[in-house]
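S.K.: Listed here are the chains, written in short residue letters.
Protein chains: 2
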Amino acid sequence: MMDKRATSADEPGASDWATSLDLHVDLHHGTRSISASLTRALRDAVRGGRLAPGTRLPSSRALAADLGIARNTVADVYGELVAEGWLTARQGSGTRVARRAEPRRSVRKARAVPELRHPLATPLTYNMLPGQPTLSAFPRTAWATAMRRALAAAPSEAFGYQGPAGRIELRRELAGYLARARGVQVAPERVVVCSGFVHGLGLMARVLKAQGARRVGVESYGIAEHRAVLERAGLRPVAIPVDADGMRTEGLADSGVQAVLLTPAHQFALGGALPAERRAELVDWARRTGGLVLEDDYDGEFRYDRQPIGALQGLDPDRVVYLGTASKSLAPALRLGWMVVPERLAGEVLRAKGMEWSASSLDQLALAELISSGGYDRHIRAMRQRYRRRRDQLVAMVEERAPHVRVTGLAAGLQALLLVPPGTDAAVVERARRDGLALMPLSSVAFAPPPSPLHAVIANYAAPPDHLYPGALAALARALTTSGEAQP
Amino acid sequence: MMDKRATSADEPGASDWATSLDLHVDLHHGTRSISASLTRALRDAVRGGRLAPGTRLPSSRALAADLGIARNTVADVYGELVAEGWLTARQGSGTRVARRAEPRRSVRKARAVPELRHPLATPLTYNMLPGQPTLSAFPRTAWATAMRRALAAAPSEAFGYQGPAGRIELRRELAGYLARARGVQVAPERVVVCSGFVHGLGLMARVLKAQGARRVGVESYGIAEHRAVLERAGLRPVAIPVDADGMRTEGLADSGVQAVLLTPAHQFALGGALPAERRAELVDWARRTGGLVLEDDYDGEFRYDRQPIGALQGLDPDRVVYLGTASKSLAPALRLGWMVVPERLAGEVLRAKGMEWSASSLDQLALAELISSGGYDRHIRAMRQRYRRRRDQLVAMVEERAPHVRVTGLAAGLQALLLVPPGTDAAVVERARRDGLALMPLSSVAFAPPPSPLHAVIANYAAPPDHLYPGALAALARALTTSGEAQP
Numbered sequence: 000m001m002d003k004r005a006t007s008a009d010e011p012g013a014s015d016w017a018t019s020l021d022l023h024v025d026l027h028h029g030t031r032s033i034s035a036s037l038t039r040a041l042r043d044a045v046r047g048g049r050l051a052p053g054t055r056l057p058s059s060r061a062l063a064a065d066l067g068i069a070r071n072t073v074a075d076v077y078g079e080l081v082a083e084g085w086l087t088a089r090q091g092s093g094t095r096v097a098r099r100a101e102p103r104r105s106v107r108k109a110r111a112v113p114e115l116r117h118p119l120a121t122p123l124t125y126n127m128l129p130g131q132p133t134l135s136a137f138p139r140t141a142w143a144t145a146m147r148r149a150l151a152a153a154p155s156e157a158f159g160y161q162g163p164a165g166r167i168e169l170r171r172e173l174a175g176y177l178a179r180a181r182g183v184q185v186a187p188e189r190v191v192v193c194s195g196f197v198h199g200l201g202l203m204a205r206v207l208k209a210q211g212a213r214r215v216g217v218e219s220y221g222i223a224e225h226r227a228v229l230e231r232a233g234l235r236p237v238a239i240p241v242d243a244d245g246m247r248t249e250g251l252a253d254s255g256v257q258a259v260l261l262t263p264a265h266q267f268a269l270g271g272a273l274p275a276e277r278r279a280e281l282v283d284w285a286r287r288t289g290g291l292v293l294e295d296d297y298d299g300e301f302r303y304d305r306q307p308i309g310a311l312q313g314l315d316p317d318r319v320v321y322l323g324t325a326s327k328s329l330a331p332a333l334r335l336g337w338m339v340v341p342e343r344l345a346g347e348v349l350r351a352k353g354m355e356w357s358a359s360s361l362d363q364l365a366l367a368e369l370i371s372s373g374g375y376d377r378h379i380r381a382m383r384q385r386y387r388r389r390r391d392q393l394v395a396m397v398e399e400r401a402p403h404v405r406v407t408g409l410a411a412g413l414q415a416l417l418l419v420p421p422g423t424d425a426a427v428v429e430r431a432r433r434d435g436l437a438l439m440p441l442s443s444v445a446f447a448p449p450p451s452p453l454h455a456v457i458a459n460y461a462a463p464p465d466h467l468y469p470g471a472l473a474a475l476a477r478a479l480t481t482s483g484e485a486q487p
Numbered sequence: 000m001m002d003k004r005a006t007s008a009d010e011p012g013a014s015d016w017a018t019s020l021d022l023h024v025d026l027h028h029g030t031r032s033i034s035a036s037l038t039r040a041l042r043d044a045v046r047g048g049r050l051a052p053g054t055r056l057p058s059s060r061a062l063a064a065d066l067g068i069a070r071n072t073v074a075d076v077y078g079e080l081v082a083e084g085w086l087t088a089r090q091g092s093g094t095r096v097a098r099r100a101e102p103r104r105s106v107r108k109a110r111a112v113p114e115l116r117h118p119l120a121t122p123l124t125y126n127m128l129p130g131q132p133t134l135s136a137f138p139r140t141a142w143a144t145a146m147r148r149a150l151a152a153a154p155s156e157a158f159g160y161q162g163p164a165g166r167i168e169l170r171r172e173l174a175g176y177l178a179r180a181r182g183v184q185v186a187p188e189r190v191v192v193c194s195g196f197v198h199g200l201g202l203m204a205r206v207l208k209a210q211g212a213r214r215v216g217v218e219s220y221g222i223a224e225h226r227a228v229l230e231r232a233g234l235r236p237v238a239i240p241v242d243a244d245g246m247r248t249e250g251l252a253d254s255g256v257q258a259v260l261l262t263p264a265h266q267f268a269l270g271g272a273l274p275a276e277r278r279a280e281l282v283d284w285a286r287r288t289g290g291l292v293l294e295d296d297y298d299g300e301f302r303y304d305r306q307p308i309g310a311l312q313g314l315d316p317d318r319v320v321y322l323g324t325a326s327k328s329l330a331p332a333l334r335l336g337w338m339v340v341p342e343r344l345a346g347e348v349l350r351a352k353g354m355e356w357s358a359s360s361l362d363q364l365a366l367a368e369l370i371s372s373g374g375y376d377r378h379i380r381a382m383r384q385r386y387r388r389r390r391d392q393l394v395a396m397v398e399e400r401a402p403h404v405r406v407t408g409l410a411a412g413l414q415a416l417l418l419v420p421p422g423t424d425a426a427v428v429e430r431a432r433r434d435g436l437a438l439m440p441l442s443s444v445a446f447a448p449p450p451s452p453l454h455a456v457i458a459n460y461a462a463p464p465d466h467l468y469p470g471a472l473a474a475l476a477r478a479l480t481t482s483g484e485a486q487p
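Keeping their order, the protein sequence lines are chains A and B. Per numbering that gives the first Met the number 0, the very first residue in the first sequence carries number 0; after that it's consecutive. Per numbering that gives the first Met the number 0, the very first residue in the second sequence carries number 0; after that it's consecutive.
The shape of chain A in the complex, shown without the other chains (with noise of 0.2 Å):
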């Protein structure tokens, strides 16, 4: 068996090279003739669906060259592929391969893989499901101009193996964004990227089992993901009570845990922005008893009211870990994230991080670009004021269309929360499915629900893009108002 690789890389023309194509030719010539050989070869292909439909062919003198045979060898071969159908030849198009009506025979053969589709990706039409911006908004033209300058600027090193860390560009403009807008308390050395706040979440959860931990409080309403995560790391989920204004912090010191993860901004999914004095008791616990407090900032860049919103970490630097994500403020797809640490687990995060799981360095190299051109800036704010209406029209829909329904958590962030009847939730979900609108019971993100657990709806009204905003907004208004009042 010979097997050969076929190019057209012998040939000098910039004609040649843009249609160029890397072709994998097995000749099998025991007592077969080359001619014979390459004919097979090419047909196999062909049938096998290894070279697709409408595929060119490199020249019959690029492939001779590279197969070391005569040219009229080749050209033979192609005409008698074309004779036979499974090839085309046309003036100025070249040779390629014929567009049949039941090539691919390896595609079609392969059975049907389950497609495993994110949780948050819902097929029905009007999509509220918590966590996602509007995604048809992504600023595709700002990120292809960030990114190709990034391109033009980067230096070589940048497109080679990276250290945990991520690219000191993006840390540097991280940090001074954090700072500016969050009331951080950063420097770019102690920024660590990853891909995204899980990824995040599951390196402190690893430094903190390394480091002796084993219970941390967790928001007893909040993602189950989050709890897994931290369990899957050996540490135990413990239920901190949250209510309106977030994590009930009182009770921490007798729980027994070593850290604590919170939504200080906009706890989810009840929408409080913890108060002040929380936030100080909370400090003031993990001084006390050397607790460390991760705190999950992922939406608090949309704030729409004139309230408290500055980080939790900038009131201790040394006991807080900031963690933030660009899936809310950008898009989920990029899977970048950020942590600000204590500087004395810096080192430790970092050998967890190790080499392997890092966010692409050219994309990082987009992002510090477009934060540094105030692009990320602009889109932020562009977004704000876009959610803000959207809120507002949630807002006045519900109190035009179910005046008994209580609208909740509107401070900030991308979803709401919309109190129903007690027991009226599962239906409200359900009603709304059959309109073709994907909306998640509150009961779905419970951890350990008080002794009269909330009835609620989660309503995100940054998810739906523009045009279908409207009809979502209906959607749930039949479905408020069905289900909602159907019930004693």
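You may find that some hints are simply not true.
The list cannot tell twin chains apart, which means a pair is met if one copy fits it or any two copies do.
To be verified - Calculated cross-link-like contacts (lysine to any residue; reagent style SDA-like; alpha-carbon spacing at most 20 Å):
| # | residue 1 | residue 2 |
| --- | --- | --- |
| 1 | Lys-208 | Ala-74 |
| 2 | Lys-208 | Arg-350 |
| 3 | Lys-208 | Arg-231 |
| 4 | Lys-208 | Ala-232 |
| 5 | Lys-208 | His-454 |
| 6 | Lys-208 | Gln-384 |
| 7 | Lys-208 | Ala-285 |
| 8 | Lys-208 | Ala-69 |
| 9 | Lys-208 | Pro-421 |
| 10 | Lys-208 | Gln-257 |
These aren't lab readings, by the way, just hints derived from the structure by calculation.
On the provided structure of chain A, position chain B as indicated by the hints.
M.R.: Same frame as chain A, now just chain B:
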């Protein structure tokens, strides 16, 4: 304590958007006037480094509107701070933070955190460590163009959370590329996009472990980190001897392994290509025992001679998992890799991958666009020519300057193996280091070397940028001659 978000969001003009800044201001006005509070808040922000020198502040009108205070108050405060030297005001440039000698206390305060460097990113002038392509040759313009086109064409859902398999656009393009260029038997449904080879290997290790595997055969020369990945999943790496033709498959049956990891196209680091008989023997073993073969095709794109080069996977796609990477063909910084998995394992691999550790969808779409436009093939072709020239220069240098050294592993890839006189390898590496050249001795990738181990150094002729390659070769020549011949 009052805490206000100050923005110029309410300003309509485009010129304001261009300079908008998301500024977080604390107004502590207990007994103090608003004016005094704002003065102090801004001064603290500058002093603490939260507002970096040169930062442009919102206009007094915008800040006043946002804080809900009189414009004159803000103007007075700005004037005061300009007078104190904290800010500067210039016609047409607005109010900015002054460039002072000693702000950024928080930055200076931070003790230097040890920057963990990737082991392949040497600080030396000449880098011939394995694993990296010519970083300076990254196709910046082509990537920027591909990204721009991909962004323009992407559906909105591409910016959201994604399922674990990766973007279908990329899986389709990879399936086409791998079939025609590497002879892989593949349908898009079988492609799993991952974040580099090690990510894919880690997933396969977890799947193998879950299926009851305990021992995995690895090449007796190979990368230690890959063995560590297997160990972290609870598997035991078992050395299978390699020679100049790659893994010696005849001993596999007696090794008691349930899977094998190997580099058939270009054994790392001896450099051999696995011959047809061994390939057949490997697949026979897998069929007979139900074993699984993990094919690490790290540099199979770069083949310089007319020899068999098709992927092993083509022999039996149900028994071989193909693992490829963009780290050698484009850049390690992208953190993009791919696997082609047997149908029966696809579901399990996707479940192991889960939702969190994914490459950026935008990068995936850009790579799909690059392949589909022909740019990926063009880049690989151009690099193959470049690397072939470099390889020839290396061979010529050794022949001329160090004829006592034998060069092997030349048929493919980015690195060659230089066999030096027994006992001189460490001296060659050390002598090179003193000349600013980073080399890796073969001994550092030896897992279970034979009783009489090879004495060699690995020379990555692809890694140095063009302008440094002559210097790297000269340093290598000195190291080989002065150290290699000094020993008996």
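S.K.: Next, verify each hint and record whether it holds.
M.R.: Verification of the supplied hints:
1. Lys-208 x Ala-74: Answer is neither; intra-copy 67 Å and inter-copy 52 Å both fail.
2. Lys-208 x Arg-350: within (14 Å within a copy, 25 Å between copies)
3. Lys-208 x Arg-231: Classified as both: same-chain Cα gap 11 Å, cross-chain 17 Å, threshold 20 Å.
4. Lys-208 x Ala-232: both (7 Å within a copy, 19 Å between copies)
5. Lys-208 x His-454: neither (35 Å within a copy, 43 Å between copies)
6. Lys-208 x Gln-384: neither (41 Å within a copy, 50 Å between copies)
7. Lys-208 x Ala-285: within (17 Å within a copy, 40 Å between copies)
8. Lys-208 x Ala-69: Neither: 67 Å inside a copy, 52 Å across copies.
9. Lys-208 x Pro-421: neither (40 Å within a copy, 47 Å between copies)
10. Lys-208 x Gln-257: within (10 Å within a copy, 33 Å between copies)
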